[in-house]
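Asks: Sequence:
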Amino acid sequence: MAAGEEEALEGLDGATLEELMESSFVEEPAAERFPKKMIGFPDTVLQRGLNNRYCVVHVQDDEEREKRLTIISSLLDDSERELCILQDDWISVPVQPGDIIHLEGECNSGIWIINADSGYLILYPDVLLSGTTVSKSIQCMRRAILSEKFRKCERTSRAMLVGTILHEIFQKAGINLTQEKVKEIAFSAVHGPKYLKELYQLNLEQKDIMHEIEEYFPSFIKWSEVYTYKHTQICIHVFNSLPPPNTNSKSCYSVKVTEILDVEENIWCPRFGLKGKIDVTAGVTIHERSKTQTRIMPLELKSGKESNSVEHRSQVILYSLLCQERRADPEGGFLLYLKTGNMIPVVGSRMDRRELIKLRNQLAFYLIHNTYKSIGKKQTQLAPLPPLINDSQACSYCSQKQNCILYSRAVEHQKDVLIPPDVVAATEKEICHLKPSHLEYFHLWYLMLTLESQYKDGKKGRKNIWMLPAAEREKHGDCIGNMIRIENVVEVSDGQYLHWFQRRDDCVPITTLMVGDRIVLSDEDNNLLGISTGYIQEVNRTKLSCLLDRNLSHLSGDTVYRLDHEEGALGIEAPLANLSKLMENSPVSEKLRSLIIDFCKPQFVQYLSSVLPPEAKDTVANILKGLNKPQKQAMKQVLLSKDYTLIVGMPGTGKTTTICALVRILSACGFSVLLTSFTHTAVDNILLKLAKFKVGFLRLGRAQKVHPDIKRFTEEEICRSKCIKTVAQLEELYQSQQVIATTCMGINHPIFTRKRFDFCIVDEASQISQPICLGPLFYSLRFVLVGDHQQLPPLVQNPEARELGMSESLFKRLEQNKNAVVHLTVQYRMNSKIMSLSNKLVYDGKLECGSEKVSKAIIDLPNLKKLKLEESSSETWLKETLDPNNPVCFLNTEKVEAPERTEKGCISNMTEAKLVFFLTSMFLKAGCKPSDIGVISPYRHQLKIITDLMAGSYLADIEVNTVDRYQGRDKSIIIVSFVRNNVDGNVGELLKDWRRLNVAITRAKHKLVMLGCVPSLCLYPPLKKLLHHLKNEAMISFLFIYIYCLFGQTA
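Residue numbers (the numbering used here): 114 to 1164.
Just so you know, the hints here were simulated from the structure itself, not pulled from any lab data. Just so you know, not all the hints are guaranteed correct.
[What the hints assert, rightly or not] Mimicking EDC-like on lysine to aspartate or glutamate, the simulated pairs with C-alpha atoms at most 16 Å apart in a straight line are:
1. Lys548 with Glu424
2. Lys548 with Glu419
3. Lys992 with Asp973
4. Lys514 with Glu267
[Said to hold, decoys possible] Per label pair, the in silico range of CB-to-CB distance:
5. Thr866 with Thr291: 34 to 40 Å
6. Glu177 with Tyr510: 35 to 41 Å
7. Gln492 with Ile599: 50 to 56 Å
8. Asp619 with Lys1038: 16 to 22 Å
9. Gly739 with Lys542: 49 to 55 Å
10. Asp175 with Ser550: 20 to 26 Å
Please read all numbers here as calculations on a predicted model, not as lab measurements. Even for Gly, the Cβ is constructed at its ideal location relative to N, Cα and C.
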């Protein structure tokens, strides 16, 4: 799943980001629930039955004998309480009031008994842990926890790649193996495009890998001869599958694999709190004397040494539990060692399963309880991890060694006396290069990222896929249910299958799912939960297509599916990996620590002549001719920099044009450039301009997320068109372009393991959190951050994390070094009246119009006179509003019945919505085009009401959106609905953000119309300042009467 999650992160686009940014400020009233605190996921639906969920309301601990849990299956009616009695080793389970649990076993008269012989308790079952993670925790629980957190720190290796290819060969070959068949599959895999990037990353040749893989072929054939089509009398001693209690009897079996039913079967099992991909799901016949059993069992493939280790056996046992999500309990499985061809049976005994579930419960406990609050302290603290083990050899080879020691010193503040003696030497080696300030930075950001992750997991997450019906999630646009598969499945490439789906009873509903979004496919009954993952290829009103990682044509045509947005994409793995990399003992990390944490002043060279090649001077001079003075200053500053430059792009000042010119100049000078931003849209906007100037570049990332006009520059398209099949050809492609473009999340691409850039340019830098922004900076000598911290900040949903400083971007942090900052102050968007608002409120008069034409530009309304507006008092406000020579208008609804309305935490204002509808219709009648009008509101529910009013009319083409989605864009006319209007002084958080207000009032080129109740809005400091300025400039119109055109009434 790790690779898929990485793709999902890399695939995050502007629409997803902006929806999250807006929704993070939706004000929802807290619901009263019993118990007051549910630990894990507060919105869990409690229920009885096979997939039961109970909430623990009371714990009575009898220490050595038993632990009694009072549990409920409904938050609305707790009268029918049940009792769960934990005995034997189960009393050690760290369960407490408020915990969500799942119970396996029998309930008699409302009493569950969980002991050594019967029943299981699964703690926080909606936390799905992989079988690999649980089995790894046997040796070191601490490593397992860190591997979950710092998943992207796990580096690939030659052995891992060889193992992956061997898995594929075995899975494709099936049971009827021959030497020729295996060799053909192997050659196709090694010399195909699928593993080219990994081979490049590891600097390996295809022939070397092929030679290593060929050494396994005899073992493949041996396995086939012994366990499949040849009848054999070889006996394998295994424990009887259903042994009598308290016995250790053995009996003789012969085993035959009759068919391979599935490969890489993905199973999510909320019943046991587990997930995993089963290498091979096989039909197996077991012969015992005169008895024959047929079962469907998991085969776990291992390409390394045949160890039959506890860790390996545990994986198989856990997979046998996973299988119960789809079919009858297989009661065990097999370990198949590809190096020897031996297949070792593993029986899932009750004792083994019990101990592994208890381990899984421990892991879940640590992952849920990763923070705490001390008595009397306001700030949340990070919780300690499981203790370090006393095994220096195991620690020396651990992939999480650095993160383990970092957490120990930075968070747990452990001294050498608390660390096992064997580990002390390794500890010092890992962190001796770090200052106290570096450890403090790590601690703070780990805490903030954890708080943010907790908040997001509580709001969204994979759990909703099995916890909420498709129809419920459809209301939020996160899911499309009631879908059936149509047409034939097409294999687009190795491991990618194009599927078409249509709604069973009507057209596809309105959804936030977009082309390129990552989705999870399940059936509506959750019998095939998470059966496949992939990406949306095409969406229209009647059907949609998906590129999936599995071919579903073998499933019944009557299967009804649901497609859920993959919400696990916004995790903390990427920022934590960057944070960990920042702490490494390397020259690159050391330099970034000194600049970012220690605030070392950036250095500059004195003379341009020392960096500007003579042959590039004419080209550079020609490019500079098309720039204004601040833009030219920015070019000079970047060329002279040794470390970094910050370019402040105020509204309408041409950031994209500036970045395009900068890339052209750097390219002309022979410098290599890494061009990044947080969203695909921002990256492609720059590339669209570059393409016009014939600047060559390579676009990394999934083609589905890339602008159609840029797709031909993507690695995916070039590799396909040029039939790139060798590592040498791929390397040639990577070296052919000086400019590489990707998102900040795309830096896990193999190209970055072997390539360093002269410059890295990060657009939207003021909107990106520090750890995310760090990612691309590791791969360049110098960097340029472009943004404006006076506009939208990084998305932070958790209030405490925001208060601790998580919304401070790297751009804002480094802006204190004034010698590295260049301001773009000449704007070409707004006329002078509209510009004066942000100049007065935010920019202290620094903004200036680029020309007289821009300054005096007004809206063209050719049909305005035909409207024949009367001079009556009832229409004075309307005439003033439509007047092109009146660029800024604020319509005060103070004297009109225009109260806000709150429903299920959603805030709206119907009067303002009708006013917006009326005004847009009048602008259209006056001759304005729908594409020239934009409607903005901070509240999503208000936007929905406005959209519903316009639906089906000639106004339907007008764009209605949030402030966040208008960032970086403009319209000729902008209408803003502020919504808030109440008598009790109820003040939310959303309108307090002056940066959001600044964006809202700087989107209009010719006319800005704002609607709101002045007394209510004056409760918000930013708006109070704006309204004071508008009043002084006589830009506020009062609506004294009911508006007949809206309400069907006359004055």
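Asks: It remains to establish, for every hint, whether it holds in the given structure.
Replies: Verification of the hints:
Restraint check: the Cα-Cα separation between lysine 548 and glutamate 424 comes to about 38 Å, which exceeds 16 Å; the hinted pair is violated. As the CA atoms of lysine 548 and glutamate 419 are separated by approximately 44 Å, the hinted pair breaks the 16 Å bound. For a cut-off of 16 Å, the pair hint linking lysine 992 to aspartate 973 stands: about 15 Å separates their Cα positions. With a CA separation close to 11 Å, the supplied pair lysine 514 and glutamate 267 stays within the 16 Å bound.
Checked against the hint of 34 to 40 Å, the pair threonine 866 and threonine 291 passes, with Cβ atoms roughly 37 Å apart. Look at glutamate 177 against tyrosine 510: about 39 Å separates their beta carbons, and that is inside 35 to 41 Å. Taken as a hint, the range 50 to 56 Å holds for the pair glutamine 492 and isoleucine 599, whose Cβ atoms sit roughly 55 Å apart. In this structure, aspartate 619 and lysine 1038 break the distance hint of 16 to 22 Å, their C-beta atoms being roughly 35 Å apart.
The hinted window of 49 to 55 Å between glycine 739 and lysine 542 holds, with their beta carbons roughly 54 Å apart. The hint said 20 to 26 Å for the Cβ distance between aspartate 175 and serine 550, and at roughly 49 Å that hint is violated.
In this structure, the hints that do not hold are numbers 1, 2, 8, 10, in rising order.
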